[in-house]
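Engineer: Residues per chain are reported as follows:
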Amino acid sequence: MPTIWAIVLISMRNAVRSKIVLVLLFFLLVALIGLPLSVRGDGTISGHVQLLLRYTLGVAMLILSIATVWAACAAVSTEIRDRHIQMVLSKPVRATQLWLGKWLGVTLLNGGLLLLCVVVTYGALRWTTRPAVLSAEEQELLATEILVAQRRVDPQLRDLRADIAREYEAARARGEWPAETPTHQVWPLVERTVRARANAVQSGGQNRWVFQLPRQPPPDRPLILRYRFALSILDMETIRGRWRIGPPGDPRRYEVEVFDAPRSWNSIAIPPEWVADDRTLTVEFANVHERPVMVLFNPADGLRLMVYEGGFLANLLRAGLSLFFHLAFLSAIGVTAGTFFSIPVAALASFYALLLLNTGRFVQRLAGRGGASIASADAGWIEQMLVAITQGIYRALDLILGPVYTANPLDLIAVGEWVGWGEISYQFLVKVFLYGGVLMGCGVWHLSRKEVALPL
Amino acid sequence: MKRVGLTVLVCVLAVGCWFAAGRLHTDLHRLRREHGLAHAEPLENAPPLVVFSTVALGGFSGLIADMLWVRAAQLQMDGQYFELVQLADWITKLQPRFPEGWVYHAWNLAYNISVMFDRPEDRWRWVRHGVELLRDGGLRYNPADPNLHRELGWLFQHKIGSTTDQAHMFYKYAWAQEMDRLLGGRAPDYDALAQAPRSRAALMAVEGMPALLTTLREAGLEPLAYYGPTDDRWEALIAALDADPLGPILLDHIRVRTLIDRYRLIPERMQHVEAEIGPVDWRLPQAHAAYWAWNGLPYAEDFEELALRRMIFQSMADAFLYGRFVYDRAEELFFPAPNPDLLPYVMQAYQEALAQVADPSTVRGAYLNFLNTALTTVYTYHRLADARTVFTELQAQYPDEVAGLSLDQYVVSLFVERMEDLTEMEAQAFVEGFFYQHYFWLALDEPEQAQGYERLARQAWNAYMEPRLQHAEWRERTGLPPLASIREAARREVQAAFTQRATLDRLSP
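Listed in order, the protein sequences are those of chains D and F. Per the numbering used here, the first sequence starts with residue 45, numbered consecutively. Per the numbering used here, the second sequence starts with residue 1047, numbered consecutively.
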């Protein structure tokens, strides 16, 4: 073990001596001090908190990612280039120890810097939202809705398979598409239509959703129902509706009349006593708008229930832990790349990997997941083949990188959403243990076979 | 050693070139100004981001702006608006000399995003963001762009001034309150502001001023922080200044600096605009629309000039109809009301336009509409001399419209095409409505307008009842209650809507 720590210390010292890393750390310092003072929100306390967290920690994370990748690439490759590695390998040090020492050194250094960023950001947040600069209403909002950790609960999915099959058969009987059209092309469209209809509220009608909570909510914290809808008309008309909360048929149901604008997020507070003993909460929306118009809640994210889970600081630290695992993963990529290549090549390869990791959604789309083929129907065979090859590459990339595309914890904490231990454990298992382990295996394998004493 | 010497030499050379380029830069700016090569002044004292983006980033600034633009569009689609002010600020500052960027983002904030909120105060915040982006950013970096002036004027004329937005009254009220606190009335005291010390040095040279500032600071106020009228400390500052003989001088200094620095309103230009378009109320948006249009005129040509002139023109007509600030603090009532004093100015503007434009048919139509509206307005204000002036103009310009009708008959015909053909219920509603207006304006201590509505109520009652007075059966079946009864019903209804003693006294029978 002491061998590894000696390598860790050397690795940290080398990273700190790197001019590029120092320049990046200077930018980090500027971002940490400058951004909280200069970013302009929308004038609300909620906007200010979201912007400060996203921008300050987001920029810090970007700089730390680059610094980590660079320092990790340099950790082994510069030692080989400068022939310092011979002093290490001439001692009884195994390749595993060398890799682990380099990886830990870079990871712990950047992890420490990340912790500093989190602490400074939290300090800046507290300073810019101190009671002296906020109204009583804003302070209340900050304490109850913004600086909290709320678990997001989506409504239970309805089993619409029978409805979809019925609609599919009916539409086919009506001849709505050519007979030779494959089912897999039409089915998703029919499914989307049926799901949209199941989440729509006709003029004068009502619709119901059920939320299953993981546990009974705390009695002193209201539940927040957040919702967003579109209209069947183009006008940006404010819609009158009525939310009824509680078991259907209960005459004492909790009712809230709302007057909301479409396409923006709206919310209502629900007293926790309306959650049933089986931890379900039933909500019903009645469309009582004077003008006949249909209200459409997006089936994917039109409704969500936010349930209080804990304080903000603990959530921020959990988010920090999640980000730390991501840095550890980047560090593993860099160290392994450094064992294979010289520093420019290793850095280029690692930054390309970083780019791919940050364009997850785009890669997924190109891989054709959930979307139509990108080749046009009348394309020639060469074009179709090229498209198939490209899609194959992206599918392979998606298969490899898919497990590491996870929700950005900064997006969650910025809106007061709970960063769960399940998510953090997943990040550790996948990014550090699994992918980190595979990368270590490759790095160690190559390092143990690499000739590092070649003449210049 | 040789290598170090070379490095030092290169560094010295670089610094020398840098210095020389800096010296040349000043001369180039001077030459550019002297030869009128550009309307806009070179960027001076610009924020670091703007300097960095215009100098260091070069062509890449467009690329970064595009990326930020894509992000802004995505966030907007996702319903996440809190970041858009910052993104709009960065996008525009990355390309500060691209006016369309400023126009688009200001319009997006004020129009597209504001309507996503249902609370008027939230909407107003976004409308303000739009105004501030154009006024404090767009016009700062593109002071000679007439389109930016027009777009800013349009936000005042249409977004705040018209009735298309559900929250338009809130916008008007919020803006009026802000301006009322700043100006202390309809318009600033131009003479006082002209004499007010404009710089801090001039202020400090006033005898006794440093002592007053010290006293205020000891009381926890910092007058030279120029809080602005929306700040909670503004009222406390005004109250503190009231007690000191030097208070008015300091207050005028604060007002003039706030007008210029925060609202970009130059008092001398405001006074000039008033001289041109009449005694407008600066608490209302029409005056600001006209101000910004007027400010853009020196840089405008062809269509832009026409558009700006039309904006001034329309703002004047709007100011006649809604350009007076009626505010009853006790009853917490606010609404914009007609400003009949602007009548001669607006008529003159129309007459000049009729004489100037090549095809006057559009202006003739607009002028007829204005004269009809103006006539009903001044008539309800009991400004009979003005009503006769307008009627004479109608007779001269549009003889067919008023043929065979007296002034009274024409006014009633404007309200209701044929009063006698109305149903009994409709006619009673009209008469009672006029009486309601009479008492409403009486309650607000506006006797002129109250008298006008009373006169109109009588005219309407007479117009309806006159043919029925000859036929007992018809009168019995469709006649109206006596005028006094309708009047009393309206009085009681208005009385029920008010609570303050002084107001109720004005309504007693």
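The hints are simulated quantities; they were obtained by calculation from the structure and are not laboratory data. Using N, Cα and C, we set each Cβ at its ideal position, and we do this for glycine too. One should not assume that every hint holds.
Stated by the list, open to error - What the simulated footprint calls covered on chain D by chain F, stretch by stretch (three residues with Cβ under 8 Å from a Cβ of chain F suffice, anywhere in the stretch; the number is not a length):
1. 94-107
2. 298-305
3. 475-482
Engineer: Among all the numbered hints in the text so far, which are the ones the structure does not match?
Structural biologist: Number 3 - this is the single hint that the structure violates.
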